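Protein chains: 2
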Amino acid sequence: AILAAIQAAVSDGPLTGKHVLVTSGPTHEPIDPVRYIANRSSGAQGTAIAAALRDLGARVTFVTGPASVPPPEGVAVVRVETARQMLEAVEAALPADAAVMAAAVADWRVANAAGQKMKKDGSGKAPALEFAENPDILATVSKGANRPALVVGFAAETEKVVDHATTKRLRKGCDWIVANDVSPETGIMGGTENAVTLITEAGAEVWPRMTKDQVARQLAARIAQALA
Amino acid sequence: AILAAIQAAVSDGPLTGKHVLVTSGPTHEPIDPVRYIANRSSGAQGTAIAAALRDLGARVTFVTGPASVPPPEGVAVVRVETARQMLEAVEAALPADAAVMAAAVADWRVANAAGQKMKKDGSGKAPALEFAENPDILATVSKGANRPALVVGFAAETEKVVDHATTKRLRKGCDWIVANDVSPETGIMGGTENAVTLITEAGAEVWPRMTKDQVARQLAARIAQALA
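First to last, the protein sequences are chains C and S. Each residue of the first sequence is one higher than the last, beginning at 1 in our numbering. Each residue of the second sequence is one higher than the last, beginning at 1 in our numbering.
What the hints contain is simulated information worked out from the structure, not anything from laboratory work. There may be inaccurate statements among the hints.
[Stated by the list, open to error] One-sided and incomplete, this derived list gives chain C residues near chain S with beta-carbon spacing under 10 Å: (1) Ile37; (2) Ser68; (3) Ser183; (4) Val206; (5) Trp207.
Note that the structure is predicted; figures quoted are calculated from it, not measured. Each residue gets a CB set at the ideal place from its N, CA and C atoms; glycine is no exception.
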């Protein structure tokens, strides 16, 4: 830990002097004190990206939901649970030269979350859950006053990956989208490999299937080029 | 691992020759390929109980949801994700001399879980989730043809712990209920300590706050007495 921090501090890489914000992991949205809505993001890809950016000399702020992999050494870690907490932490971390929004943020939260554990009432019917749309962190950062020079979003899709991701890039106002297919049969969500397509203004770039560490290094190198 | 297995095989404890079924961990109920409903059970208490029963010589079948602690060595592990899968695994594991149902099983599953990732449709409204009641594993085992001689249930409550657990014992048809208060301020769910009340036909027995390992050893000793 100390070694990694020292290496980060003394390294003179292409991102030295740059501040990069990385979000990672799932968010958890409470239903009641014991139940919550989660998603299968392990945080592995976001963690690898933060480490790769650190290795190129960046000062990294790492805003993470409850991930199943530990955060990297040598970065400033901010732990959150819900989407709303993540937005707050992200806004507090700006300004930054670049933002990589790798977290799998819940689109919805439970609007009527209960203060006590919900019980079966014998009717066989579940308590009705009402949902409210969460803030859109990627769009908020992309369109905000403190917008980083480079904003990278992620799109985890299960069908029509390039179509959905290309539309998402325009709708959110970010610069790049790292898109991938998280259908269960790919083994990507929770696994060690990733197969991504990078969507930029220039179009769609299909990267070969490689480890999440390799994806992270390739993306960090591209970010360094873009900020140079 | 090998050592623990050998110790279990050669030990001549009070539960030698007995088969005990233990369930543990949360269940996850899918919403779509990437989202699911979870609960804060870490599996720590169920895992400690399985280890303590093994240490007293029992042959243990350990049916576990996606827990955050690894299963004990020297027991037969059956991994499941949903409540329905857990019931199936439990029924396949019977007959047993005792069953300790420590899993935090979801009361409800999503009846209209989607095969593709649900998308925001721009309306600001979340897709309506419909819920179906999950099978009641504790009641099914307690009232089933293959009922173990001793069935122990758990009650994780956030209020009126003894009242709720006493009612639950009668409604489910089990012999004992291990009740505890999982209000967030107790730090029990996900923590290393537990404060339980054992509900039996004779009434409520309040145990002092102790580690989950100590609770497990005390409960295993009581089970050995009951089966002697």
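Here's how the hints hold up against the structure:
no.: 1; hint: Ile37; result: holds (6 Å)
no.: 2; hint: Ser68; result: holds (8 Å)
no.: 3; hint: Ser183; result: holds (6 Å)
no.: 4; hint: Val206; result: violated (20 Å)
no.: 5; hint: Trp207; result: violated (21 Å)
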